[in-house]
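Based on the provided sequences and hints, a complete structural model is requested.
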Amino acid sequence: MTRFLLRRTLSAVVLVLVLTAVVFVLQAVSPGDPVKAYLGANASPSAVAAERKTLGLDQPLPVQYLHYIVRALHGDLGISLRTHRPVASDLHDFLPATIELVLVAFVVAILLGCLYAVSGSLRWPGGAFFRGPLLVLATAPPFLLALGGIILFYAQLQVLPAAGRGADQSSPTGFLLVDSLLGGDVSEWAAAVQHLVLPAVILAIAPSISIGRILRSSLDTTLASDHVRTARAKGLTPLAVLGKHVVRNSLGPGLSMAGLQLGFMFAGVVVVEQVFSWPGIGNYLAASIPTSDFPAIAGVTLVLGIIYIVANAVVDVLQAVADPRLTP
Amino acid sequence: MKNALRKTATRGVVAALAVSSLVVLAACSSAGGGSTKANAAPTDGVLTVGLLGDIGQPPDPDIYYANNGLAIVLNTYEGLVQYANNVDTVKIAPRLATSWTVNKTNTVYTFTLRSGVTFHDGTKFTSEAVKASFDRRTAVKGGAAYMTAGVQSVATPDDLTAVVTLKAPNSAFLDYLASPFGPKMESPTGLEKHAGSDDAQTYLQTHDLGTGPYELTTANTGSKYGLTQYSGYWGTKSPFKTVDLPVYTDVSALQLAFDNGDVSAIVAALPSSSLTKYDGNKKFDSVFLPTLQSALLTVNPSKSFFSTKEARTAFMQSIDQKQLVKEVLGARSSVATTLYAKGMISDGSDKQDIGYDPKVFAAYAKTLPTGTKMTIGYASDNTNAQSMANIVTANLQNDGITATAQGYPTSQVFGWANDPTKGPDAFIDGNNGPDGGSPYMWGHVFWDKSGGINYFLCDSPSTDADLNQAVATGDTSLYAKAAQTYSATGCYMNLSYNKDWVVSQKWLTGVAEAHNIGANELDFSKLGIAK
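Chains A and B, in that order, are what the protein sequence lines are. Using my numbering, the first residue of the first sequence is number 1, and each one after it goes up by one. Using my numbering, the first residue of the second sequence is number 1, and each one after it goes up by one.
FYI, nobody ran anything at the bench for these hints, they're computed from the structure. Note that this is a predicted model, so its numbers are computed, not measured. Any given hint could be a false lead.
[To be verified] Covered by chain A, according to a simulated footprint, are these stretches of chain B (three or more residues, beta-carbon under 8 Å):
| id | segment |
| --- | --- |
| 1 | 55-68 |
| 2 | 137-143 |
| 3 | 407-413 |
| 4 | 500-508 |
Glycine residues also receive a C-beta, built at the ideal position from the N, C-alpha and C atoms.
Quick look at the structure:
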């Protein structure tokens, strides 16, 4: 297992380096002028030229990349051309909001996915009333779903908020659900939950179907297998059969898909964060792209790449734990 | 088994349809804001002004050089002068200077300063602050540092007199100071105390050192900004003790928050497509206020299509300016008839004389090879510019040109000046303007090759020379000549005089009084609650 983890880490580092290099090349071929965005629309060409030199953007691309990597190893991801703050500080402020949103959405996706799979495999009466709408909602584009959710639950029913996280600051962890509890502020915690509900559920709907379908297929296969038939013949209750002989043997593909979906959720969170004005890295990225804020784009790419790779490694480990036959 | 499957499927479809219908019904019923009853006024002294998108740059007056964050800069800081509020012409008005004199050569500006003014950190406002603030702007080297670059010295004969001497004559200097992006007064003791290694730039990302009616008390980038009324403010105070500026990244979410009464006002952030919803709606107030902004059309002489003046002029004549402005911009704009902003040249001698005559371009198009291509660009975040580009494109196609409309992100638009051949054949700016009300500030940025927004470097040396001569003396006839010379290149058309469109809750008063032609934002201290 140690060798496996080392191998995964090494490949992850290479992958992240490749990712940042790709972003650098894309920046080089892009015709944009980020310094104009940095200084403002009416800035004179002489001021732009001087600032380009100050920011090191007049140097050859490989030199810029080398400087970037060396600085990144020291935790310095450069200065955002848009916010004028260190990218590391920006990420420190924005990343927890995204992680909190995605993790809650991930839990919701797994719950919905499990319900989808189990209700289908065990043919729960009325289960189709849950699966049908879920399937329909999953086919809708996320921005449309998000807007529909805001119109229904904020504008009409007025039971859920439409924008933001519900509090101005979050410290010391940056996770509002945790910080509000640590601070003993129940009303802030409740507000944080309220603000999370809509974006988390909307972010969870499409992945829940992917997880649910794979899990259902796996459950169906296991339910039809000989050892389950034997367990039933021995007179075990349906719940005991499910718990002892079906779930564990069916989890592998579901876990694998969940890991993939977790990575996709981090990538797909941009749209949801945009509509819900969620102060996370998705919004940060969306605002950085039109201004060619390369340090910010590279910083987010770096972080998303690491998260994606770590999530997949964790899933691999979990799979091995769930089914020791898969141990590398 | 088949029956069971069919039943299950039917139930699923019915349920799905029920949920979808609910969402659709909700969507439909929300259009127009539901109830026709106006939202109630706040009782907690909080004014909420929604921002569409983050302010981008930090609200440091020597760095900030865009539009969305001016609400913060202009309510926390003050300059020596400003443009007069609630008038549709450019008129310099007092702010921290109560009066001023200018010598005949436009090189020495003497200001008498307002007494009894204090900075938010308690420091008394004196002439020393003028010098410190000008020095900082020059040192920080932000985009608008040019406004103090010509200052040779600031003399401080007494606490309430500041004498600014320029290196060269500049009749536009008062406009530099009145510009929303002009130098603002900053506490000299605060600047020194929080200087750090970057002239207090880090400190001013989350604090302010101004004299304005409000202090910056919350600055959560990308999420929310908050202002608190300054108790020691020298001027009148509004009933709003706090101003919240939440950031919305989606225009629909912002509109819904406004409809529900969670947002008190939206300033210049809604697209023209929302006009029908709010204009004339009894539940809200909707006002159009004068600005120096315009929609502009520029062509790219470095592209083969527009390499000749004949082609550029023919294209300009093919634009049905009246139809374009009416159809797309509606009540928030009027058709531009001058080359500068409305009223910038008082005698109207900058008249734009480009007659609509589509036959000229149609005839020219017939001389081109079949399938000749052309790209009309627009700023990708401006829906009005996109609509105008689509209409122009459709008309070009009627003339047999294979025309396409294409959106470009901001940084790409700014990058064209490095290599105009990478730009489109023509570009439509939905909303752009100068830093201030002097014709020089318009002509220099849009027409001068060394200006900031001459995207395609359409060069007219005579225009540049006239502008440079005119700024020294303020000679209106030279400004007009520069404009006409540049117009003759066929590179430029002023499409419309744009207005700031402010939608607000019925209870909010003083919107027009809180607005001036240069600022595109509101002075929150002048707003109130209807009784």
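Verification of the hints:
no., hint, verdict
1, 55-68, "holds (count 7)"
2, 137-143, "holds (count 3)"
3, 407-413, "holds (count 4)"
4, 500-508, "violated (count 0)"
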